[in-house]
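Starting from the known structure of chain A, arrange chain B on it as the hints suggest.
Residue numbers (this note's numbering), protein chains in the order written: chain A, 9 to 218; chain B, 9 to 218.
Warning: the hint list may mix true and false statements.
Just so you know, same-sequence chains aren't split out, so a pair can sit in one copy or run between any two.
[As the list claims (entries may be wrong)] In silico lysine-lysine, DSBU-like type, Cα no more than 30 Å apart, as pairs:
id, residue 1, residue 2
1, 217, 185
2, 110, 49
3, 137, 214
4, 86, 210
5, 185, 207
6, 137, 110
7, 214, 185
8, 86, 49
9, 110, 86
10, 137, 169
11, 207, 217
12, 49, 185
13, 110, 214
14, 14, 49
15, 14, 214
16, 217, 86
17, 207, 137
18, 169, 49
19, 185, 86
Because the hints were derived from the structure by calculation, they are not lab data.
Number of protein chains: 2
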Amino acid sequence: MEIITKANYQTWERFYRANFINSLTGFKSINLIGTKNQDNKSNLGIFSSLVHIGSDPALVGYINRPIQAAPHTLANIKETGFYTINHVCPSFIEAAHQTSAKYDEGINEFDEVGLHEEYLGDCIAPFVKESKIKYALQLREIIPITLNNTFLVIGEIQTIKIEDDILQDDGFLHIEKSNSLASNGTDSYYSTSFLNRYKYAKPGIKPLKL
Amino acid sequence: MEIITKANYQTWERFYRANFINSLTGFKSINLIGTKNQDNKSNLGIFSSLVHIGSDPALVGYINRPIQAAPHTLANIKETGFYTINHVCPSFIEAAHQTSAKYDEGINEFDEVGLHEEYLGDCIAPFVKESKIKYALQLREIIPITLNNTFLVIGEIQTIKIEDDILQDDGFLHIEKSNSLASNGTDSYYSTSFLNRYKYAKPGIKPLKL
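The shape of chain A in the complex, shown without the other chains (with noise of 0.2 Å):
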């Protein structure tokens, strides 16, 4: 086993760290966020830092970089208060990744990458007609986080298109199916292999698979 202190990391190069610290908070989602400006043009981004807010209200948050690296999304969520997410499949990965290029503001996107929009319900924002699991969501609220000059941005769920035959009696959807992937630090992609699923944890009880 190898020990890393701060004082170690710190003196890293920007680069090298950044992959490194990137790496070890481990596997996330790959998304696509679809959104369009006030003058109707589309803007799409990939995005990995994704996470479940809560069930009820149905919420999630993703983590915007500084609004001088990353300014076109954000700018148009606050501007129409609606995006997309779109996760991300093999057939696309490529396109996908294309598009965290630093294109200029009204650059389409889905243009310059080769993936189609898809419109829904009353949601202004464009989907991705190729990927498999998406949905809408409307802004609730945006948090700065001071330390960084990030931004947690929170949406809640609205409408939702998923492929047919992964949702369960349940309501769990088996993501793997439709062949979502998994990322790791910023640029490396993964596919997935279902283990195990438990039932809900009790004191006192040996784990029992579902």
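Chain B in isolation, oriented as in the chain A frame:
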């Protein structure tokens, strides 16, 4: 494809909805958080709501449920200012899941589920000896999320202990080689298979594999 509206899911039974909403956000890392209370009693709990907040300073957040639902870990972190995050591996998946049972305050989950405490450097919080990737955190901020009475708990990474041979030349950690698991929903566990890493994306250039 199946379409579900907010009006649909709001009528669902509580546990069915929780399974569904928890699965929508996709794969997550799965971690044990180790703490001590003021009386030096150890506590261990499982958390999948981790989120990378930044690399410089090296900040990691997790969502703590409302105090009445999950009181011990957050109380201990407030009291001592330190905690550990430990990746869950297949060899102790059942023990890790069992820590989610509602044990009384003062019960040491390490003893209850058969995991072992380990201490590193000057971190007073216990690590999980069996874990192959683990790190200490010092509390930086607790941000209340008033929308649903949860908390974003942010710590700065201190001492790190990782298995040999997973650190790459560019700082990236091949965590799948240590068999770190991913999770989905509240109760399902997955192994992962590495697909690809891609270079930093730039406008107008096809994504290149690393």
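> Should residue 137 paired with residue 110 be assigned to within, between, both, or neither, using CA atoms and 30 Å as the limit?
Replying inline: Close inside one copy (23 Å), not across copies (42 Å); limit 30 Å.
> Given a CA cutoff of 30 Å, do residue 137 and residue 169 count as a within-copy pair, a between-copy pair, both, or neither?
Replying inline: within (10 Å within a copy, 42 Å between copies)
> How do residue 217 and residue 86 come out at 30 Å by Cα distance, when the copy is not named: within, between, both, or neither?
Replying inline: neither (44 Å within a copy, 34 Å between copies)
> What label fits residue 217 with residue 185 when the C-alpha limit is 30 Å: within, between, both, or neither?
Replying inline: both (20 Å within a copy, 25 Å between copies)
> How would you label the pair residue 137, residue 214 (within, between, both, or neither) given a Cα cut-off of 30 Å?
Replying inline: between (44 Å within a copy, 21 Å between copies)
> Taking 30 Å as the upper bound on the Cα-Cα distance, should residue 86 and residue 49 be classified as within, between, both, or neither?
Replying inline: The answer is within: 14 Å in one copy meets 30 Å, while 45 Å across copies does not.
> Taking 30 Å as the upper bound on the Cα-Cα distance, should residue 49 and residue 185 be classified as within, between, both, or neither?
Replying inline: Neither. Shortest intra-copy (33 Å) and inter-copy (42 Å) distances fail the 30 Å Cα cut-off.
> Is it within a copy, between copies, both, or neither that the alpha carbon of residue 207 lies no farther than 30 Å from that of residue 217?
Replying inline: Result: close within a single copy only, 6 Å intra versus 40 Å inter.
> Should residue 185 paired with residue 86 be assigned to within, between, both, or neither, using CA atoms and 30 Å as the limit?
Replying inline: Result: close neither inside a copy nor across copies, 34 Å intra and 41 Å inter.
> Given a CA cutoff of 30 Å, do residue 110 and residue 86 count as a within-copy pair, a between-copy pair, both, or neither?
Replying inline: within (20 Å within a copy, 40 Å between copies)
> Should residue 14 paired with residue 49 be assigned to within, between, both, or neither, using CA atoms and 30 Å as the limit?
Replying inline: Intra 44 Å, inter 26 Å, cutoff 30 Å: inter-copy only.
>> Please sort residue 185 with residue 207 into within, between, both or neither, judging by C-alpha distance up to 30 Å.
In response: both (21 Å within a copy, 28 Å between copies)
Checked against the numbered hints above, the structure breaks hints 12, 15, 16 and 19 and satisfies the rest.
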